[in-house]
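Q: The primary structure of each chain is shown beneath.
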Amino acid sequence: MIHRECGVLKTTYEADMALYPLPIAKWTVAALAVFFFVVLPLSVHEYYLSVVNLCSIAIIGALGLNILVGYTGQISVGHGAFMSVGAYTAANFAVRLGAPWPVNLLAGGLMAAAVGAVVGMPSLRIKGLYLAIATLAGQLIIEWTINHVTFISGGVQASIEVPRPEIFGYRIASQVQMYFFLLVFVVLALVGTMNLMRSRIGRAFIAIRDHDIAAELIGINIFRYKLLAFAVSSFYAGVAGVLYTYYLGVANYEQFQINVSIDYLAMIIIGGLGSVQGSVFGAIFVTLLPIVIRYAMEAFGGLFFSEASVLNIIPNLRLILFGALIIVFLVVEPEGLNRLWRNIRSYFRVWPFAY
Amino acid sequence: MLDWQFSLLLLSNGVLIGLMYALIALGFVLVYKATDAINFAQGEFVMIAGFVVVAFLLSYKAPLWLSVVCGLAAMIAFGFGLERAVLRKLIGRPVIAVVMATIGLAAVLRGIGPLTWGADTKNLALPISDEPFVLGPLFIPPIQIVGAVVSLAFLAGFGWFFLKSRKGIAMRAVADSQQVAMAMGINVERYFALAWAMTGVVSALGGVVWGSLLGVDVHLALVGFKVFPVVILGGLDSIPGAIVGGLIVGIVENVAAGYVDPYVGGGTKDFAPYVLMILALMIRPYGIFGKRIIERI
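Line by line, the protein sequences are chains A and B.
Here the working numbering is used: the first residue of the first sequence is 1, the next is one more, and so on.
Here the working numbering is used: the first residue of the second sequence is 356, the next is one more, and so on.
Just chain B, same shape as in the assembly (with noise of 0.2 Å):
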C-alpha cells in the first residue's frame, strides 16, 4: 500500500473511532456539566448497557428495536435511582468521595455483568453489513459509520437541548450556581437526576455502538479509560469539546498505533492518548474549550 493511502486509512479510521468515543465522553460532561460529579463509572455504564441489550436481544428474543427501547428505560432507571440512592447523599462532599464512590460503582458493576450475564463475550449483532464501504483508498466498517451517525445526532441534539430547551437551560443554571438556580424556582435535585438519567441514555446507545464493534464482556468497560483524554483534551464541562477531544484522541490513537506500534511491540493505542493528556494538563488544563475555572495553588 502506498504511504499515503495508509496514513488516510489511519485518519479516517481514527475519525470515525473519535466520533464514538466523543458519544461515551458526551455522558461523562452531561454528568460533570450539571452536577459537578466525575463519574469514573463510564465505561462500565457502557458495559452494563450493552450486557442488558443483549440479554433481551439473545435471551428474549426480542426483535433489535425493543431490545434497544429495554436497554435505554433500564439505563434511565439506572440513573434515576443511582442518583438517589447515592450521589445525593455525597453533594458538598469533597472531591475524592465522589471520584471513589465512582470508583466503587465500576467495580460493582463489572462484578453484576458477569455475574448475571456469564462471562463469556456475547455478539451484539446489529443489521447492517459486514462488508466494509470502499472510497477509493478507503475502508470504512458501516458499524463505525452507525456509531459516528449515532454520536453526531446525539451531540446535535444535545446542543439544541442546552441551548434552546427550558429544561436545558434550566440545567445550565444549575451548573452554573446551584444557590441562585434555586432561588429561581429549578429543582436542582431533580436536574440532578435528570442528568444521570440522560448519561444512562448516552450511555445505552453507546453500548449498542460499542457492544456491536468489539463485543459485549467485561473488558468492554475499558472503553471507559479513553474518557479521560477526551475530555480533559475538549474541556470538561464543553458538548463541542467531547467531539473534537474525540476526534483528536481517535486520530492520534491510530497513526501513533500505526507508525509507532511496529517498533515497539503494541500497545500504543492506550499509551498515546494519556501522554497528550498529560501535556494537555500541563499546557491548559481546562481544555480546548472547558471554562477556565481551574485555580492556581
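Looking at chain A on its own, in the form it has when it is part of the complex (with noise of 0.2 Å):
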C-alpha cells in the first residue's frame, strides 16, 4: 500500500496472492485501523465526520461498480438504480415488517442483486456501447417504476421514512456511531473486495475483461461469471443504498437518478479503473469535491462576483470541473489517481538517490 519494496522477490504464487505483500504492511494495517477507530472520531468535529460517513458510503459503492467495470470490464451506467433498489427494499422491509437492520440490509443487497443480474442479462448477447445503453435503459425504468409504483415507493413524495438502525437497543442517532456504524460496512467492503479479486473468481473476472473469448477458451463460463460480476456488483450497489438511507433517514428515490451513477462511474474512472485503492481515492475525491467548491466559492467568490451569480457559480462550476476532471483523467491519466499514486511512491523508493 504505502511502503517502499525494495524489488519484486517473490517466489511463490502464494506470496504473490497475499493479502500482506509484505510483514509491515500488517503494521500499516493496524496504524490505519487504529487512526480511523480511534483518533479520527475522536479528534473530527460532527460536521466533518458526516463528510467523512458520505465518503464511506461512497466508497462502499466505488469498490462495487470497479468490480463490474474495472475488473471484468462490463460497463453500466445503472449503478444509481441498483442503490435505489436496495434502498427502496430495506425500507419497505423496515416499514411494512418492522425488521430490523442487518434483515434489512441482506434483503436490499440481495434484491439490488437480483436486479441487477436482471439487468446484466443483455451482457450475454452484447457488449461495449450497446451495453452501455442497455443499462441506461435499466436505470431509466427501474427510476420511472419506483416513482410510479406506488406499493414500492409508498405515495405521492415518493420516499419512505426508516427508523434508525438499532444494535443491541442501542440507537445510531448521531454523526460519530453512524461513522463506526458505516467504517465496519466499509472495512466489510474493503476486504470482501481484496480477497475476491485474490481468489478464482476475481481471476475469472480479469480475464474476461482481458480477452473474453480466450477467457472462454480456457474454460471460464462467461455467461455466469459476467452475471455473477453484476450480480456481485450491485449487492454492493444496494448495500450503500441501504446505508445512504439509513444515514438519511429517508429512501428518496431522487437521490439515485442518472447523475448518481455518473457521480460513481467518474469516481472509478478518477481514481483508477481495476484497483481498490483506486476507488476509495475515487469516491473521497468525487464526494470532496462538490463541498470544497462551495467551500472555497462562499469563502473567495464574493470577492469577484455578487452574491445571487455566486448561488448560480456554484453548482454549475461543479458540473464544469466534474466534466473536465472526467475527461483529463481519460486522456492524460486513463489509470487514474492510482497511478499518480503509484508514481510518487516508484518516486519515493529510491529518494534520495537518482536511482
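Heads up, none of these hints are tricks.
Here are the computed lysine to aspartate or glutamate pairs in the EDC-like style, where the Cα-Cα straight-line distance is at most 16 Å:
#1 B:Lys646 with B:Asp391
#2 A:Lys127 with A:Asp212
#3 B:Lys444 with B:Asp391
#4 B:Lys646 with B:Asp531
#5 B:Lys444 with A:Glu333
#6 A:Lys127 with B:Asp391
#7 B:Lys522 with B:Glu544
#8 B:Lys444 with B:Glu544
#9 B:Lys444 with A:Glu335
Covered, in the sense of this in silico footprint (three residues per stretch, anywhere, with C-beta under 8 Å from a C-beta of chain B), are these stretches of chain A:
#10 124-136
#11 260-268
#12 311-320
Far from chain B, by Cβ distances over 12 Å, these chain A residues were calculated:
#13 His45
#14 Val103
#15 Arg198
None of these hints come from the bench; they were simulated from the model.
Using N, Cα and C, we set each Cβ at its ideal position, and we do this for glycine too.
Make one complex out of these two single chains by using the hints.
A: What follows is the structure, given as C-alpha cells:
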C-alpha cells in the first residue's frame, strides 16, 4: 500500500496473492485501523464526520462498480438505480415488516443483486456501447417504476422514512455512531473486494475483461461470471443504497438518479479502474469536490462576483470541474489517481538517490 | 372527441415529433458512422447550440438568420476543437473511455450553458405563428412542421452527401476501414474532424428547432435521452434508420402517453421508448438498418 519494496522478490504464487505483500503491511493496517477507529472519530468535528460518512458510503458503492467495470470490463450506467432498489427494499422491509436493520440490509443487497443480474442479462449477447445503452435503459426504467408504483415508493412523494438502526437496543443517531456503523461496512467491503479479486472468481473476472474469447477457451463460463459480476456489483450498490437511506433517515428516489450513476463512474475513472485503492481515492475525491467548491466559492467567490451569481456559479462550476476532470483523467492519466499515487511511491522508493 | 380522431391526432403528433428526433439522432449517427465514437453528449450539443443562438438573438439583438449562422459557425468550431482536443487522443482506447469522455463533456456543457447565459428559460421565437393548422380533426403547430421539414431536408442532404459527394464517399471509406482508407490517401483525422463538425451543424439546427419548441434552458439537453432508443431501433450507423427510428419512437411515445398516462399518472413518454429499445436490443441489437457487426460472445 504505502511501503517501499526494494524489488519483486516473490517466488511462489502464494506470496504473490497474499493479502499482506510485506510483513510490515500488517503494522500499516494496524496503524490505519487505530487512526480510523480511534483518532479520527475522537478528534474531528461532527460536521466533518458527516462528510467522512458520505465518503464511506461512496467507497462501498465505488468498490462495487469497480468490480463490474474495472475488473470485469462490463460497463454499467445503472449503478444509481441498483442503489435505489436496495434502498427501497430495505425501507419497505423496515416500515411494513418492522424488520431489524441486518435483515433490511441483507434484503436490500440481495434484491439489488437480483435486479442487477436481470439488467446484466443482455451482457450475454451485447457488449461495449450496446451494454452501456442497455444499462442506461435499466436505470431509467427502474427509476420510473419506483416513482410510479406506489406499492414500492409509498405514495406521492415517493419517499419512505426509515427508523434509525439499533444495535443491542442502542440507537444509531449521531454522526459519530453512524461513523462507526459505516466504518464496519467499509472494512468489510474493502476486505471482501480484495479477497474476491485474489480468488478464483476474481481472476475469472479479470480474464473476461482482458479477453473474453480467450477466457472462454480456458474454461471460464462467461455468462455465469458476467452475471455474477453484475450481481456482486449490484449487491455492493444495494448495500450502499441501504446505508445511505439509514444515513439520511429516508429513502428517496431523487438521491439515486442518473447523475448518481455518472458520479460513481467518475469515481472509478478518476480513482483508477481495476483497483481497490483507486476506488477509495476516487470516492473520496468525487465526494469532496462539491463540498470544497462550495467552501471555496462561499469564502472567495464574493470577491469577484455578486452574491446572486455565486449561488448560480456553485452548482455549475461543480458540473464543469467534474466533467473536465473526467476528460482530463481519461486523456492524460487513464489509470487515475491510483497511478499518480504509484508514481509518487516509485519516485520515493530510492529517494534521495537518482536510481 | 371521437376515438379515431384522438388516435389520429396522437399519430400525427408522433410523426412530426419523430422527425424532429430524427434530426438529433442524425448527429449521433454521423459521428458513429465515421469515427466509431459514441456521443453521449448529443442532447447537450443541442442545448449549447440553442443557448448560442438565443444569446445572439436576445443579447446582441441580431436578426434571426444571423443568429442561426453564428450558431452554426460556433458549433462547427466547437466540433473541430473537440475532436482535436479530446477525441483524437482517445482513438484506439476502449469503448468506455469514449463513452465516459462524452459523459464528462455533457457535464461540462450543462455547467457552461447556465453559467454563461443564466439559468432562466429563454424564449427562442421563430417568425411563425402559434396558430395551429387545422386539417380536419388534426391540429398541427407550425413549429413542428418547420422542424419536420428541416429534418427531412437534412436527412436528404446527408443521404446525397454520403452516396454521391467525394467527401462523403471518403468518409464512408474511413468508417469501413481506417487502415485501408489511409492507404488510399485519405486523411483519416481530417474526416474525423469533419464528422464532428457536421454533428455540430445538425445540433445547431436541432437547437433552433427544439429550442423554439421547448424554450432554451438546461432541460433542453434532456432531448438527448431520446437519441438512444431512436438510434438503437434504426441502427447505429444508418441515416434512413435515424428517420425510421425517430418515427417509431415519436409515434410510440405519443400513443403510449395518450392511452397509458391516465392510468399510471404520467411519465410514459420517457419510459415507453426505452422499453421498446430493450426489446430491440434483445431481438435485433444492430437495429432495423444497421450493419450486422455485433459479435456473439
